[in-house]
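All chains should be built: construct the whole structure from the sequences, respecting the hints.
There are 2 protein chains.
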Amino acid sequence: MAVYVFGHKNPDSDTVCGAIALADLQSKLGVEAVAVTQGKINPESAFILDKFGVAVPEVKTSFAGEKVMLVDHSDLAQSPDDLKEAELLGIVDHHKLGDVTTPNPLECWIWPVGCSCTVIKAMYDFYGVEIPKNIAGLMLCAILSDTVIFKSATCTDKDKKAAEELAKIAGESDLQALGMKMFEVKSAIKGTPMRELVERDYKDFDMNGNKVGIGQLELVDLALVADIKEDLAKDIQALKEEGNRHSVFLMLTDIMKEGTELLIASDDPSVVEKAFGAKPEGGKVWLDGVMSRKKQVVPNFEKAFA
Amino acid sequence: MAVYVFGHKNPDSDTVCGAIALADLQSKLGVEAVAVTQGKINPESAFILDKFGVAVPEVKTSFAGEKVMLVDHSDLAQSPDDLKEAELLGIVDHHKLGDVTTPNPLECWIWPVGCSCTVIKAMYDFYGVEIPKNIAGLMLCAILSDTVIFKSATCTDKDKKAAEELAKIAGESDLQALGMKMFEVKSAIKGTPMRELVERDYKDFDMNGNKVGIGQLELVDLALVADIKEDLAKDIQALKEEGNRHSVFLMLTDIMKEGTELLIASDDPSVVEKAFGAKPEGGKVWLDGVMSRKKQVVPNFEKAFA
Ligand SMILES: [Mn+2]
Ligand SMILES: [Mn+2]
Numbered sequence: 598m599a600v601y602v603f604g605h606k607n608p609d610s611d612t613v614c615g616a617i618a619l620a621d622l623q624s625k626l627g628v629e630a631v632a633v634t635q636g637k638i639n640p641e642s643a644f645i646l647d648k649f650g651v652a653v654p655e656v657k658t659s660f661a662g663e664k665v666m667l668v669d670h671s672d673l674a675q676s677p678d679d680l681k682e683a684e685l686l687g688i689v690d691h692h693k694l695g696d697v698t699t700p701n702p703l704e705c706w707i708w709p710v711g712c713s714c715t716v717i718k719a720m721y722d723f724y725g726v727e728i729p730k731n732i733a734g735l736m737l738c739a740i741l742s743d744t745v746i747f748k749s750a751t752c753t754d755k756d757k758k759a760a761e762e763l764a765k766i767a768g769e770s771d772l773q774a775l776g777m778k779m780f781e782v783k784s785a786i787k788g789t790p791m792r793e794l795v796e797r798d799y800k801d802f803d804m805n806g807n808k809v810g811i812g813q814l815e816l817v818d819l820a821l822v823a824d825i826k827e828d829l830a831k832d833i834q835a836l837k838e839e840g841n842r843h844s845v846f847l848m849l850t851d852i853m854k855e856g857t858e859l860l861i862a863s864d865d866p867s868v869v870e871k872a873f874g875a876k877p878e879g880g881k882v883w884l885d886g887v888m889s890r891k892k893q894v895v896p897n898f899e900k901a902f903a
Numbered sequence: 598m599a600v601y602v603f604g605h606k607n608p609d610s611d612t613v614c615g616a617i618a619l620a621d622l623q624s625k626l627g628v629e630a631v632a633v634t635q636g637k638i639n640p641e642s643a644f645i646l647d648k649f650g651v652a653v654p655e656v657k658t659s660f661a662g663e664k665v666m667l668v669d670h671s672d673l674a675q676s677p678d679d680l681k682e683a684e685l686l687g688i689v690d691h692h693k694l695g696d697v698t699t700p701n702p703l704e705c706w707i708w709p710v711g712c713s714c715t716v717i718k719a720m721y722d723f724y725g726v727e728i729p730k731n732i733a734g735l736m737l738c739a740i741l742s743d744t745v746i747f748k749s750a751t752c753t754d755k756d757k758k759a760a761e762e763l764a765k766i767a768g769e770s771d772l773q774a775l776g777m778k779m780f781e782v783k784s785a786i787k788g789t790p791m792r793e794l795v796e797r798d799y800k801d802f803d804m805n806g807n808k809v810g811i812g813q814l815e816l817v818d819l820a821l822v823a824d825i826k827e828d829l830a831k832d833i834q835a836l837k838e839e840g841n842r843h844s845v846f847l848m849l850t851d852i853m854k855e856g857t858e859l860l861i862a863s864d865d866p867s868v869v870e871k872a873f874g875a876k877p878e879g880g881k882v883w884l885d886g887v888m889s890r891k892k893q894v895v896p897n898f899e900k901a902f903a
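Protein chains in written order, with the numbering used here: chain A, 598 to 903; chain B, 598 to 903.
Check the hints yourself; a few may be wrong.
One copy or two, either will do: identical chains are not told apart, so a pair holds if it fits within one copy or between any two.
[As the list claims (entries may be wrong)] Derived DMTMM-like pairs (lysine to aspartate or glutamate); straight-line CA-CA distance at most 20 Å:
1) K892 / E855
2) K881 / E796
3) K755 / D722
4) K881 / D824
5) K892 / E682
6) K625 / D754
These are calculated hints, taken from the structure and not from any lab test.
Quick look at the structure:
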């Protein structure tokens, strides 16, 4: 029986490429493994898979009775709804430790680095398994994506070193150009429905009993969304109400200016000032230097909600 | 500020030796680290530390405001009561994934092997750090203890390989004799109060909302406790009532016969038959081939309570 390897809901490129890489590594360690995703992949991931000639993984959302490995998360909220009915064999992640638990021992590789693929690179090295050229390309792109081309606060020396070594294997020499190309694809918004933009990289969190959603759009220029900012604001308000959420925040991150405009829909907007010390005006606020949801936004909100 | 490294409540030899080894490794990686324990060490651990000339770690039970790393557990019930007020930097473990969560990314090395020290051996190798002779002796003894000299159902090839390599570094050639010597120390019961025997290797679990305690005495011969079995039965009954527990079970494990006599104090003794298919008589039952609390007893009870 094959082991299913997959990342979080609303898959990003680390989740997609990480699942594919981990399934490849497991296969070479003698474990029959298949990478899948919990949902449709985003345009950036489609670009990466196409570039390196790797097939798009199938979508699968139910895993009762199956053996599984998780990538890029350890939160029940980001896992399949029937995870408890699956046998969890392992977790590879780089986030805070979530609320997934198991009845049996398992293999966890969880490191405080910028990208799951940095951890998977170390696993290939640890087990002495060669990384195929196309898989190295996928992993490299995941690192460029998660670390915003090494600019994110979550980026570590381990990520840079892993990316360098993967670039050599993949035969990629201009990482800046490759990263910018990816972010242009990611920034594509023309003709996209608002809800698809809001949910392109979106996660729900339980913050001290409050349901809080945080989405992020990483943009090469905030001007790209100037015309639709009001529509985005209306949509996160709608999303908040549909899901009985306390708040929905949308991070409009300018990767060149290295900061984030936060759009706010909240029962208590004062949590934003509590979290960041900056006063919102007109349902939004500029957060200079803030680029990482995981390392900068989530911890600050968790303190504000505590 | 030093990082405190420690294992679970009611420390066993893996918890004690693992904390000392991980603190040594961290120090060599440039992290100031101090091994401590959450309670008095058991006679087996005292024997090991004495044999290899390593000082007994201090007891420390409160960690608010401190940086910490956990060894040999990831359950809140086995952690310090104020763990949530500490900053958790890492976990090294070989059990099921427990309910510890963090607000920040951390480093987890959790493997499905027989002993935390097997994982720590791999960490030394991964980071290219040499293992000191006396630390290698401690880690070797932890593996012999946790795997019952390689006989436990939890023992893997990785444990055997790690033990072999550690034995070379420590200069130990007869692992069977070393293991038996340790279990003789562990089996020592003469003059020991009942409660101390029951709690020598004891853990509380939350099983579907029921508080369930499981203790284990690993003995070279069940005859060693023939005279005190009734007193032990009375004491687990008392322990059950004092703590409003649903059940307290005491595993009297015969490491030579490779099986366990289970003493039972329970609001509903039928869970034992549900868990093992064997009918208890007179508050006890023989479980042939059962030697591991973690791999055989806890999972079966969790299913029976589900
Ligand atoms: Mn990631
Ligand atoms: Mn252990």
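Now for the hints, and whether the structure bears them out:
1. K892 / E855: within (14 Å within a copy, 49 Å between copies)
2. K881 / E796: Result: close within a single copy only, 18 Å intra versus 57 Å inter.
3. K755 / D722: Classified as both: same-chain Cα gap 13 Å, cross-chain 17 Å, threshold 20 Å.
4. K881 / D824: Result: close within a single copy only, 15 Å intra versus 75 Å inter.
5. K892 / E682: between (31 Å within a copy, 19 Å between copies)
6. K625 / D754: Intra 28 Å, inter 19 Å, cutoff 20 Å: inter-copy only.
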